[in-house]
Amino acid sequence: EEAFPGDVVGLVNASDLRVGDSLYVGEPVEYPPIPAFAPEHFATVRAKDVSKAKQFRSGITQLDEEGVVQVLRDPEFGDQAPVLAAVGALQFEVATHRLENEFNAPVELTMTRYRVARRTDEQSRPALRAMQGVDVLERSDGVLLALFESVYWLERLENEQPELTLERLVAEGELRAES
Numbered sequence: 001e002e003a004f005p006g007d008v009v010g011l012v013n014a015s016d017l018r019v020g021d022s023l024y025v026g027e028p029v030e031y032p033p034i035p036a037f038a039p040e041h042f043a044t045v046r047a048k049d050v051s052k053a054k055q056f057r058s059g060i061t062q063l064d065e066e067g068v069v070q071v072l073r074d075p076e077f078g079d080q081a082p083v084l085a086a087v088g089a090l091q092f093e094v095a096t097h098r099l100e101n102e103f104n105a106p107v108e109l110t111m112t113r114y115r116v117a118r119r120t121d122e123q124s125r126p127a128l129r130a131m132q133g134v135d136v137l138e139r140s141d142g143v144l145l146a147l148f149e150s151v152y153w154l155e156r157l158e159n160e161q162p163e164l165t166l167e168r169l170v171a172e173g174e175l176r177a178e179s
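Each residue of the sequence shown is one higher than the one before, counting from 1 in this note's numbering.
Hint data in this document are derived by calculation from the structure and do not stem from the laboratory.
Below 25 Å or equal to it, Euclidean Cα-Cα: the simulated SDA-like pairs (lysine to any residue) are:
1. 48 with 111
2. 54 with 97
3. 54 with 78
4. 48 with 62
What you are looking at is a predicted structure, and each value in this text was computed from that prediction instead of being measured.
Let the hints inform the model, and build the full structure from the sequences given.
Encoded structure:
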């Protein structure tokens, strides 16, 4: 059959497709990636019922792919208690509601003490992880984020140890400048 841009089509067995994928014939269509938001709220999420672990993981993956929240993981702990990162608390409410109602995976959400995040790298990771009030987690796209309990501690660290990689996240500069 034939379809044109803007047409709505139905696909059978399209389990490899994700939200935001482009379908094409011939030359691949590539768009620049949508920048990830700069999270300011962080919460640990756990499945209340361990027998729902598969639904929990599936739901977390889909919410991350859709951009509802960013999912951060500690490679040492895996998927048991990922950290959700969001711009505002409403995103946590949406994520919790969808996990419980769409994926049948009741969850427990616990706010963390983290207040600000910076992009970092593998070379800086050991030094940052050794510090109190700092944790380094991995986003689903492989980016490492250093999470800090206080902006003061981050600023002090940036001044005292400039060799560490601590890059601002997209849109954070504009958000901080307005507050």
